[in-house]
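Colleague: If you're matching them up, the sequences are chains A and B in order. In terms of our numbering, the first sequence is residues 3 to 605. In terms of our numbering, the second sequence is residues 183 to 500.
Treat the hints loosely; a few may be bogus.
Straight-line alpha carbon distances no greater than 30 Å define the calculated DSSO-like cross-link-like pairs of lysine-lysine that follow [said to hold, decoys possible]:
hint	chain 1	residue 1	chain 2	residue 2
1	A	Lys473	A	Lys378
2	B	Lys482	B	Lys494
3	A	Lys173	B	Lys500
4	A	Lys171	B	Lys482
5	B	Lys368	B	Lys429
6	A	Lys21	B	Lys500
Simulated from the structure, these hints should not be mistaken for lab results.
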Amino acid sequence: MSDAAVAPATGAGPTQVSKINEAIIRIAGNSQDGIQAIGGFLARLAGRSEQEVMTFMTIPSTISGGPSIFQVRIGSGEVLSAGDDADMLLCFYQHSYEGHVNSLKLGGIVLYDSDHVTPKPEWLDNYRHVGVPISSLTVEAIGGTGRDKGKNIYSLGLLAKIYDLDVAKLKRLIGERFGGKDASVLNNANACFDAGYGHCLENLLKSYQFLAPQAKIGTQVVMNGNEAIAYGLIAAGVRFGAGYPITPWSDIMELLRKELPKYGGSFIQCEDEIASVSMALGGSWGGRVAVTGSSGPGISLKTEAIGWASMAEMPLVVIDVQRGGPSTGMPTNIEQSDLNTACFGGHGDSPRVVIAPSSVEDCFYTAIEAVNIARKYSTPVILLSDQGIATRIEAFRMPELEKICQDISPDFTAVAEHKPYDLTAPDGVTRHIAPGTRVASGKYPVVTGLEHDELGHPTGSPKLHVTMTAKRRNKLRKLGTEIPVPKVYGASEGHVLLVGWGSSEGPIREAVDKARSVGEPFSSLHLKYINPLPNGLEEIFKGFHRIFVVELNDEGLYGYGQLAQVLRARYSDPRIQGITKVDGLTWKVKEILDRSRALASNT
Amino acid sequence: MNHIAFPFATLPRTAIVDTTPVPPLQDADRKPLTKKEVSADHPTWCPGCGDFSVLALYFKLIERRRMHHEKITTVAGIGCSSRFPYFVQAHGAHFIHGRALPFASGVSLSRPDLHVFVFGGDGDAFSIGGNHFTHTARKNVKLTYVVMDNQVYGLTKNQTSPTSPLGYKSKTDAWGSGDRPINPVKQAIAAGATFVARTSHTNPNHVLEMMEKAMDHDGFAFIQCLSECVEFFPGAFDGANPRKGGKFETVPSTHDVTDEYAAYRLADQDWPGHFGVFYQAQRPTKNQNEAKIIADHQAKVPGLESWQILQKNFDRMK
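Here chain A stands alone, though its shape is the one from the complex (with noise of 0.2 Å):
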């Protein structure tokens, strides 16, 4: 970005100018104050700068007030997590200072807002500290309404100078962002921005210019993980579903409600969860794969007719954006800790499909093979999100649409005869025909929750009870087989396999590469499809010592967490251990390798 033609600042600073390849920013103050907008411009601005770009967020689960942050990781090589240590803290109160100081890499800089903040002096010392009046400033800029909203966007422009950012792209997407309202809100937030960028910063030794991108990777699109699902379903020909509100998976359905009637589709908010899944099934039932999604206590209250949509074989899209469990939990932090229940939960055997998204481009594209195995394999397939992926905004390349955008349309032309739950099918699977799909024969199919013969008709037959158990269950199998078996990230062979799943792939491949790099043999594997698993892990689990599984949900009683409690259900395998934790936020990448140096150095 530094070729730019930016407009020469007004106020004197620092003339000494550092070349970065990377910054890690995070913002800290109340979740009123519009800090995850500068966090979104930030992003933004990367990823049309063709720089790769992580973000991580908190918000409190309350409406009004609450400590809320937002950190950005900006870089011109590849970014795999939102960073461990900011090389720099905007903080706007005394609480967002003391609370996130240690957060800051030793030297880092402390940009605080002089008219709430006073630096403590004890730490002096380890941070560089930078005051700002931003709120009496902001208020100056605007013209003395006495109010500071409007502060974020002056620190933006304090930031703008500080790390040399493109102004005339950063003026653009303010434009994009405030131009469609009122003329004088889009002037207030020119005029925010102006008077941060033009402040002197007298006590800033350098500013910052980033090193230009390492690789063209294309034209990129910026957003956020539950954006990527939702747009995911649409292309993948997803025009029907049902849901009711819950954090944080709420995002997911006003957006489908929004923007599916553009393509002839309609998602319906229901009166509770039940009813959502239920207008999802009668919606698949129909002829088109519908969706339906929540979080944990919402899946919960779901279990019962997906255990119908294994038992009927009727394809579904369910996604599960995790929260911390259980009952209402933490749910505006992340915790991978539905992963039994989306496996296993409800009675009876009813196989499921589950699988889950690594980055927020994957979830664009797992969104769309859910469907398509939900199609093919007739069955529920369940997306395990989380709280993290949800609200992390990511820059991926730009997918090719034309050639992704699927037609699912419904088949209704008339057909000889029909028996879904044939036995003798040649692929096992089966397949449904829609109401409104004449049957020359006269002898039309039934789907049902009750055990049934090939027309799903009742029975009590023990033998059939076997028979459909072992179908619903073989054409899984057969799924098993055809996923693709994962590669390893770092060498076949080493002492340690960190096999991981869901959105901490960044953060485990960061420790592998930093374990690498000191000479230790870490590797890792990452695990996409969880139900049915691919075949093949144990080939890969012989090359290795040890295989620590790394998840955010608890050890559980006998001291493995879920996914490792599957697979050593599975591979029978003692060196399989777990590395666990339940704080709600990420993994860091330090404590991923400090646990893994510790598991490993014991026999």
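Chain B: place on chain A using the hints.
Modeller: Relative to the frame of chain A, chain B by itself:
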């Protein structure tokens, strides 16, 4: 860059390998479907069960209205009466307990070409499914809902139901039920149903008349059909059966079916009350509302392929 391990696949239509194309059936060649053509499994109901007559009249309705075989769509939850779809030779869904209405709503809202019939009992409708009854009525989803009310849990063998009268002795209230029963007609009116009728299995012509009116109603049409459980609550509806010395009094011709308060008062009369249409109103259906939202949104993206609509969004996120 291919991220999709499971790409779109064209799937076989049915599990049966015979792919002989079926000649289209012209409307002129269609005859009214006979009972033989539309009956499937022999009902599992006890001899003398009131549900038999509802089933027979559904067959009659299919025949009389010349429904196309493939368009008959029958949905039910769980209970004796909810076994209904197995007895109809047509597309059917036997869903889980209490959730037939949201399932049927999913069909109705995603398939405007179908008219969905939902059959169930009083436990399914007003107890475990009570929330869905209220909201489906309020949303005015276009479908026909026939509740075969026997005032007892039959499939599980004689427990108190939400419509069991005070003092009813069941296995769960051996000393007589003390919970005020639900009045389904009042419940439906209060919830916002746009068609509310009451009938009894003992009067077949009346049942058929109500079903036809319900089917013609554009909106959520609810019929409470008294249907005697001869096993656990015999004689429950004798008071409404002239053959047993009771009175089958139809809704007075002076009753204004568009008057919600009058309907509510009429429904509040002492047992056995009246039979017929209590309330009928025209209000936009959920189906119409969604269709309008779709039409408005599609007008903003005329002639664009799906991927082009999506591309517009993605371009804004660059």
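Colleague: All hints, please: hold or fail.
Modeller: Tested hints:
{"no.": "1", "hint": "A:Lys473 to A:Lys378", "verdict": "holds, 15 Å"}
{"no.": "2", "hint": "B:Lys482 to B:Lys494", "verdict": "holds, 12 Å"}
{"no.": "3", "hint": "A:Lys173 to B:Lys500", "verdict": "holds, 15 Å"}
{"no.": "4", "hint": "A:Lys171 to B:Lys482", "verdict": "holds, 29 Å"}
{"no.": "5", "hint": "B:Lys368 to B:Lys429", "verdict": "holds, 21 Å"}
{"no.": "6", "hint": "A:Lys21 to B:Lys500", "verdict": "holds, 26 Å"}
Of the numbered hints listed earlier, not one is contradicted by the structure.
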